[in-house]
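Peer 1: Here is how the chains run, residue by residue.
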Amino acid sequence: MPDGIIKAVDGVSFDLYPGESLGIVGESGSGKSVTALSLLRLVPHPGRIVSGEVLFRNQDLLQMTDQEIREIRGRDIAMIFQDPQSSLNPVLRTGFQVDEAMRAHGKSKADAHARTIELLTKVRIPAAESRVKDYPHQLSGGMRQRAMIAMGLANAPSILLADEPTTALDVTVQAQILELLADLNRELGTAIVMITHNMGVVAGLCSRVMVMYAGQIVEEGPVEQIFENPQHPYTWSLLKSIPRVDALRHERLRSIQGMAPDLADPPAGCRFHPRCPFRIEECFTKEPKLLDVAPNQRAACWVTMDRARREMGADTLIDIHPGAGSGVRPGEEI
Amino acid sequence: MTRYIIRRLAWMVLVLFGVAVVTFIIAFLVPGDPARLYAGSNASPASVAIIHHQLGLDRPVYVQFVDYMWRVLHLDFGYSYRYSAPVLPAILQRFPATAELAVAGVFVEVIVGLPIGILAATRPGSIWDRITMIFTFVTLAAPPFWLGLIFLYVFGAVIPIFPLGGYGNGAPQYLFLPALTLGLGGAGYYARLLRAVLLDILPKDYIRTANAKGVTPGTVMFRHALPNALTVLITQLGMDLGYFLAGVVVIETVFAWPGIGKQAVDAIFNLDIPLVMGTVLFGALLIVAANVAVDIAYTFIDPRVRY
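Protein chains in written order, with this note's numbering: chain A, 1453 to 1786; chain B, 962 to 1268.
Please note: incorrect hints may appear among the correct ones.
[Claimed, not checked] Some chain B residues near chain A, calculated using beta-carbon distances under 10 Å:
1) R997
2) Q1054
3) L1163
4) I1168
5) V1176
6) P1188
7) T1196
Hints listed in this document are in silico derivations from the structure and should not be mistaken for laboratory results.
Ideal Cβ positions, reconstructed from N, Cα and C, are used throughout, including at glycine.
With these hints in hand, go ahead and build the complete structure from the sequences.
Peer 2: This is the structure:
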């Protein structure tokens, strides 16, 4: 690989069904956002999509002309971003920015304006008629995020890509916004791709989840199943690191040790092995494939948690430093 | 807002007072005796003394200073030695020619500079970017007097499509070359400025949002990116306009353009100190006023700015 090329996302492949809500989780830098941006060909310069396909209604979005992809953007597939502070244009009125999403796809000025007010009311912005004239800096963070969602929903898209839409908000507003997205998913049948680092958000909103680590999918499956019985040690560790109200008192909250790898020089073998408590010798050299581990559930792991529980005492492990379960210690040469 | 404007105007008066003090000191320090110049080389010391007295130059410096400042406060900039006429009407009479040239110069800066800047910023690193940046480098580096002379030579003498200087009673063909010379350097500067500002703006999140809505690249540039670049551009534009209005000395001289810049140069050679001082003060007034105008313009460009 030539110098300076980083594969932020590598070999990611997934399906999204109409009306579904899919969660993509992972740490910062795991490639969640780049995956979503790639779908609409919005990867920022100098990034580019080297290869792959994005099939939407049997058409490959990556092969479309600029004109064709523009017609898809915002109309069939809309995206809402994190940090509404920077994602709204500071010199344009909020209402105008929502109008524009519709006017770009052929709606008349009057129709768009009427619908903007309807949308802002729907996302529960109080006094929408007067708020449309406000500039983004005159709105609160929660209102800006709602305006952003209204913009995403303007054309009743088939797919809504939501990139950490609640990260910048306090928990009550966060809950309201998730509820709003869930309603829209139910009522309008909009398929939602929820990108987040927050497992709680996934639990509340999504039916299926895809866990990403270092630019790759490490596990995917139905949300309940994955939460109940994660098979990849990374997913398991992520779930272990969530505080739970119903947890037994002696159960410790565990953080995953180590840092996410540098994608300019990813680890050989399984990318999680330098941090994995259950790594075995294969993990250092051979890359695991995403394989079925249960009905509808796939994981990319040489060990999987079933075996880690059986043979490595995963459930009673207190300290989860790398190699803790398997006995393959850090720094050991293989 | 009103309070802000009043405060700015008060500051303006203070700044102009400072400028008046400095120009007086410089005029006092300038070597050469206007009285001797006007009396002629064969004049007797007695007649030089009479002229001294007539011009008020035999009074103590502090008296001259207080007298000058008092008259400036009443918008009386004194009498030109050479024309034996009040300075202010002399400046105002020449000012329309300068204003015409200044506005045309700023127009050239914008018309040439902005499209180049946009072109370069939308395709950074491309051949267009390189060609245009070399062009702007050349126009920025070329001294205006040299550029003016080259234009005069090429388009006035070799291919005589434009007159060789002068005002021509306001005929547009007389304005063309001086405006081009005046604007071209600035155009290069604007192209580079806009390119830099746009390269900073285009990766912003709100541009990505606009793209995600499916609007055309033209809309992204002109509705989303450019208005955010305006604050920077207007600042520069306002200062340029003020600076040009204050007198474009070199270009007016090269093209024999009868503006206040040319008049000031003539006044310097004639040791016509009141006219020089008057022009400096007048120019300072325009530059300061342009700055205030720019600050007020911000509130219209950027809704976040409120005074």
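Peer 1: Hint by hint, note whether the structure agrees.
Peer 2: Hint-by-hint comparison with the structure:
1. R997: 61 Å, violated
2. Q1054: Result: violated, 42 Å to nearest chain A Cβ.
3. L1163: 8 Å, holds
4. I1168: Holds, because the Cβ-Cβ distance from I1168(B) to chain A comes to roughly 8 Å (cut-off 10 Å).
5. V1176: 4 Å, holds
6. P1188: Hint holds; P1188(B) Cβ to chain A Cβ min 5 Å, cut 10 Å.
7. T1196: 15 Å, violated
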